[in-house]
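Protein chains in written order, with this note's numbering: chain U, 1 to 198; chain V, 1 to 747.
No wet-lab data here; the hints were simulated from the structure. None of these values were measured; they are calculated from a predicted model. You may find that some hints are simply not true.
[Said to hold, decoys possible] Only pairs whose alpha carbons sit at most 30 Å apart, straight line, appear in this in silico DSS-like list of lysine-lysine:
id, chain 1, residue 1, chain 2, residue 2
1, U, K188, V, K270
2, U, K155, V, K90
3, V, K271, U, K142
4, U, K155, V, K109
5, U, K75, U, K142
6, U, K47, V, K78
7, U, K180, V, K270
8, V, K376, U, K188
9, U, K155, V, K376
10, U, K155, V, K78
11, V, K109, U, K47
[What the hints assert, rightly or not] Quick partial rundown of chain V residues pointing at chain U, CB under 8 Å, derived from the structure:
id, residue
12, I157
13, F272
14, D273
15, D275
16, W276
17, L499
18, F579
Cβ coordinates follow ideal geometry from the N, Cα and C atoms, glycine included.
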Amino acid sequence: MKKTLALFTALTLASAVMAVEVGKPAPDFTGTDITGKTVKLSDYKGKIVVIESYNSDCPYCHNQYATGATQDLQKELAAKGVVWLMVNSVNPKNFSHRSPGQAQKEWADLKIAATAWIDDSSGAIGHLYEMKTTPHTFVVDKDGTLVYDGAMDNKPDPSHDPRTARNYVREAVNDLLAGKPVEVSQTKPYGCAVHYAD
Amino acid sequence: MQIWHLISVRLVGIIFSICFCLAISSRAQTVPASFGGPLVAHHTQAKLLLSADTAKPGDTILVGVDLKMEPGWHTYWKNPGEAGQATEIKWELPPGVTAGAIEWPLPEKLPPAEVTTYGYENEVMLLVPLTLETNLSAGTLNLAAKVSWLECKEVCIPAGADVQAALVVGSETKTSADAALIESWEKKVPFTLTGSATDHAWWEAPASGDTRTLVIGHLTPKPTNTITFDFIKYDSADFFPEASEHYEIQGPTEITSAFASDIRLRKVVKKFDGDWPTQILGVLVLQHGNWRNGNEARLTVADEPPADAGASEKLFAPKPPAPALPLPSPILWQMLLYAFIGGLILNIMPCVLPVIALKILGFVGEARSDPGRVRKLGLIYALGVLVSFLALAEIVIGVKSAGHHAGWGMQFGNPVFIVCLITLVTLVALNLFGVFEVVPGGRALNAAGELASKPGAGGAFFNGVLATALATPCTAPFLSIALGFAFSQPPATIVLIFLTVGLGLSAPYVVLSWNPAWLKLLPKPGAWMEKFKIAMGFPMLATVVWLFSVASGSYGKNVLWLGVFLVIVAFAAWIYGEFVQRGRKHRIVATIITLMVLAGGYVFALEKELDWREAMPMADTTGSLKESVNGIDWQRWSPEAVAQARAEGHPVIVDFTADWCLTCQVNKKTSIEIPSVRKKLKEINAVALLGDYTHFPDSITSELNRYNRAGVPLVLVYPKKPDAEPIVLPEVLTPGIVLDALDRAVQ
Numbered sequence: 001m002k003k004t005l006a007l008f009t010a011l012t013l014a015s016a017v018m019a020v021e022v023g024k025p026a027p028d029f030t031g032t033d034i035t036g037k038t039v040k041l042s043d044y045k046g047k048i049v050v051i052e053s054y055n056s057d058c059p060y061c062h063n064q065y066a067t068g069a070t071q072d073l074q075k076e077l078a079a080k081g082v083v084w085l086m087v088n089s090v091n092p093k094n095f096s097h098r099s100p101g102q103a104q105k106e107w108a109d110l111k112i113a114a115t116a117w118i119d120d121s122s123g124a125i126g127h128l129y130e131m132k133t134t135p136h137t138f139v140v141d142k143d144g145t146l147v148y149d150g151a152m153d154n155k156p157d158p159s160h161d162p163r164t165a166r167n168y169v170r171e172a173v174n175d176l177l178a179g180k181p182v183e184v185s186q187t188k189p190y191g192c193a194v195h196y197a198d
Numbered sequence: 001m002q003i004w005h006l007i008s009v010r011l012v013g014i015i016f017s018i019c020f021c022l023a024i025s026s027r028a029q030t031v032p033a034s035f036g037g038p039l040v041a042h043h044t045q046a047k048l049l050l051s052a053d054t055a056k057p058g059d060t061i062l063v064g065v066d067l068k069m070e071p072g073w074h075t076y077w078k079n080p081g082e083a084g085q086a087t088e089i090k091w092e093l094p095p096g097v098t099a100g101a102i103e104w105p106l107p108e109k110l111p112p113a114e115v116t117t118y119g120y121e122n123e124v125m126l127l128v129p130l131t132l133e134t135n136l137s138a139g140t141l142n143l144a145a146k147v148s149w150l151e152c153k154e155v156c157i158p159a160g161a162d163v164q165a166a167l168v169v170g171s172e173t174k175t176s177a178d179a180a181l182i183e184s185w186e187k188k189v190p191f192t193l194t195g196s197a198t199d200h201a202w203w204e205a206p207a208s209g210d211t212r213t214l215v216i217g218h219l220t221p222k223p224t225n226t227i228t229f230d231f232i233k234y235d236s237a238d239f240f241p242e243a244s245e246h247y248e249i250q251g252p253t254e255i256t257s258a259f260a261s262d263i264r265l266r267k268v269v270k271k272f273d274g275d276w277p278t279q280i281l282g283v284l285v286l287q288h289g290n291w292r293n294g295n296e297a298r299l300t301v302a303d304e305p306p307a308d309a310g311a312s313e314k315l316f317a318p319k320p321p322a323p324a325l326p327l328p329s330p331i332l333w334q335m336l337l338y339a340f341i342g343g344l345i346l347n348i349m350p351c352v353l354p355v356i357a358l359k360i361l362g363f364v365g366e367a368r369s370d371p372g373r374v375r376k377l378g379l380i381y382a383l384g385v386l387v388s389f390l391a392l393a394e395i396v397i398g399v400k401s402a403g404h405h406a407g408w409g410m411q412f413g414n415p416v417f418i419v420c421l422i423t424l425v426t427l428v429a430l431n432l433f434g435v436f437e438v439v440p441g442g443r444a445l446n447a448a449g450e451l452a453s454k455p456g457a458g459g460a461f462f463n464g465v466l467a468t469a470l471a472t473p474c475t476a477p478f479l480s481i482a483l484g485f486a487f488s489q490p491p492a493t494i495v496l497i498f499l500t501v502g503l504g505l506s507a508p509y510v511v512l513s514w515n516p517a518w519l520k521l522l523p524k525p526g527a528w529m530e531k532f533k534i535a536m537g538f539p540m541l542a543t544v545v546w547l548f549s550v551a552s553g554s555y556g557k558n559v560l561w562l563g564v565f566l567v568i569v570a571f572a573a574w575i576y577g578e579f580v581q582r583g584r585k586h587r588i589v590a591t592i593i594t595l596m597v598l599a600g601g602y603v604f605a606l607e608k609e610l611d612w613r614e615a616m617p618m619a620d621t622t623g624s625l626k627e628s629v630n631g632i633d634w635q636r637w638s639p640e641a642v643a644q645a646r647a648e649g650h651p652v653i654v655d656f657t658a659d660w661c662l663t664c665q666v667n668k669k670t671s672i673e674i675p676s677v678r679k680k681l682k683e684i685n686a687v688a689l690l691g692d693y694t695h696f697p698d699s700i701t702s703e704l705n706r707y708n709r710a711g712v713p714l715v716l717v718y719p720k721k722p723d724a725e726p727i728v729l730p731e732v733l734t735p736g737i738v739l740d741a742l743d744r745a746v747q
């Protein structure tokens, strides 16, 4: 009971103070990518940023990448000047954890076209953004405001063809580029639970 | 004596384990009704079971898709929560058969805490009603379905299986061998609660951003009288919502009130789009001990609390203390019923059995006397039992308020109590043998005036006290549940439950004494009574031997001096009976000699040689506690030993026992330390751990409390699967129960 209360309070506080909330500034973070480079969200001010929680062992993520759909989207958006940050929060003890070497190999094998893959095995960024599932996506506008929080697309199914689904990330970015308000700004993320450290 | 114990225990065991056995054996069935057998798909096995082998057109039959997960793996509920995916069933049915919606058994909230999911571990059966059209022609139908699910452990795997089963359409409905199993799962499906309590939901405050706090209440309208009955608390309450695309009721639950009549939960709702929901669906989950229940809730969300739910400050204000004599809630009623039945059964448990001899004798002696007097004696006996139980309740409350663990039978861990009791029982045996007489009308009852002045009253009261004293090392079916509940309750409830056990223990005699006509069925008093009385002294002697073996745990080899003391007591009793009570001359001298013998025996044997108030320190033996060369290789129990054995992948059997616990000893002889169980333990490579409760170690008391038990016996079987809950065996065992549990442990 006490524990629940504490957790509840913590969560309420977390959402009240740090607030990953659509329409509010996206919390800043600093991480290290799989090549050892430092990545800081606020460095990308002036650009649209997509943040994606990632674990390719999760069938939902795997489906997005095995079909090539996400890589195509990454290329498509990169051409429009959009930054794509992958965040892997799987804890080091988990079977699905990737060492930098393994991650670089996976990056090459899957032909990933993101800006960076951030190693978040401590779970700091995942918890900051309250990432629930892999995949769970966020879109940040040029001013650093969070404009989308939720699922990659509208098909919570690990065997669909993502190209035929309604991709909320693409829609949000295109709405921003067209100078329109983002039509769908929040959805329920689907997928596997993020395997955080205890 | 031993044989009598065994017979009585076996009888009770058989009666009370029939239901249990049925439940287990139906669970353990692995023979599928379907052809094709179980299909292994990744880490979950799926099969289709039908509740009927034959059905007639127009019938609706319940079928179950049974999913068996490997240890550590889980599948999801209809609302998987913040991750995961609900299991899907795509039916491929012949024309004329239509499938209804899945009925989902109550799921668990699965770890980790950050991401709340709802699902099932080990096994679940998803139930679906299939309706046959009325114009269906006779023949055999093939019912098939594609089942797909997401199974997760450290990783998630989408998996599926094709399942099928054959159903014969005929002129009558015949249930199948799986019907009972399907029915047992149907009981786990949340149902719509009927009763005075109603479910409500209201917003606690306006929205802050896209989140808003919701209060869910399960409230009983306040009764018109001033008695409140909300002193019973649930251990846990929760709300499992159904999924929605437009909003999400988040995982964490804050319980602001868990009183049975006034359950309030706080949940945070996060909105994705659209308006705030005005109706939410889900399951209200209530838990008390092992009892866990899901109630289907369809809640209209109000902007304010319901009118009779009390002001909002009441939500956080501490509850007023419960009145001294509260009106019990349904749970307390149930516990009181258990306490009463448990008390009744205590009469035939081995500990109390010897006292029965005394009582039978009492009744025969009184059968022809004045009915009013017989009733009085019955009541006095009950009074003796109740006063003793009151004393026990006071001791328990005292021990608890001193911050110690309390347990049923704990006084048997105290050697001083054992010595007093063994002396008392020895005297009872000698009395039955006729060595000396008890002059009734003890001073203890002087206050009761007239009652006490009549012979027999003191004896009846004494019988009540003795029955209670001897009853405490036993727990009986039902009794342990009630006591386990009582020990965690406020003092008023402890007293109430203890007194109810006392009522149960004394009820048969009160009822008998109220119907003198029944007493006439007993044989006529006569010379046989004297012989019967002497014969009944032997069960008492057996009790002495048992207590002696209990005492040896405290005194080691020195227990010899306790035996010497008992012989001296017996000698003193003989002098007293022969030369004081029946003697003609020198009665004063004889009295002095009696006292001198007693005093000498006490000083020499108990004080000097035995040092009876100081128990020997426990020898902390390590290694095997094996009782014979071929016996089970018992190791000493500790929570660490359990954890280690489970980490190594062994199933574990734990026997919490005590030297003074006769039920435990009988269980061991009949159902644990037997060839078939030994063989099974070797086969499944199980680790056997023995928790010795003879001296009442705190570590075991807290373990017993975890299982809502107040005393031993408690036998647990931990499945091989490292995170599965242990199987709790009933108090009275049969070999079948133990073997079944061991089989389930390795499934």
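Evaluated hints:
1. For the proposed pair U:K188 and V:K270, the alpha carbon gap of about 10 Å is at most 30 Å, so the pair holds.
2. For the suggested pair U:K155 and V:K90, the alpha carbons sit about 18 Å apart, so the restraint of at most 30 Å is met.
3. Between V:K271 and U:K142 the CA atoms are separated by roughly 25 Å; this keeps the pair inside 30 Å, and the hint holds.
4. At most 30 Å may separate the alpha-carbon atoms for a hinted pair to count; U:K155 and V:K109 meet this at roughly 24 Å.
5. In summary, the hint linking U:K75 to U:K142 is supported, as the alpha carbons are separated by about 19 Å, within the 30 Å threshold.
6. Note on U:K47 and V:K78: the hinted pairing is violated, with a Cα-Cα distance of about 40 Å set against a maximum of 30 Å.
7. A threshold of 30 Å between alpha carbons decides the hint, and for U:K180 with V:K270 the separation of about 25 Å falls inside it, so the pair holds.
8. A distance of roughly 73 Å separates the Cα atoms of V:K376 and U:K188; the hinted pair therefore is violated under the 30 Å criterion.
9. A threshold of 30 Å between alpha carbons decides the hint, and for U:K155 with V:K376 the separation of about 79 Å lies outside it, so the pair is violated.
10. Restraint check for U:K155 and V:K78: satisfied, since their Cα atoms lie roughly 16 Å apart, inside the 30 Å limit.
11. Note on V:K109 and U:K47: the hinted pairing is violated, with a Cα-Cα distance of about 40 Å set against a maximum of 30 Å.
12. A distance limit of 8 Å between C-beta atoms decides the matter here; for V:I157 the minimum to chain U is near 7 Å, and the interface restraint holds.
13. Nearest Cβ of chain U to the Cβ of V:F272: about 4 Å, under the 8 Å cut. The hint holds.
14. Against a cut-off of 8 Å between C-beta atoms, the interface hint on V:D273 holds, since the closest Cβ of chain U lies about 6 Å away.
15. Violation of the interface hint for V:D275 is found here, the shortest Cβ-Cβ separation to chain U being roughly 14 Å, above the 8 Å cut-off.
16. The beta carbon of V:W276 comes no nearer than 14 Å to any beta carbon in chain U, farther than 8 Å, and the hint placing it at the interface is violated.
17. For V:L499, the interface hint is violated, since its Cβ never comes within 8 Å of a Cβ in chain U; the closest pair sits about 31 Å apart.
18. A least Cβ separation of about 68 Å between V:F579 and chain U goes past the 8 Å threshold, and the interface hint is therefore violated.
Hint violations for this structure: numbers 6, 8, 9, 11, 15, 16, 17 and 18, all remaining hints satisfied.
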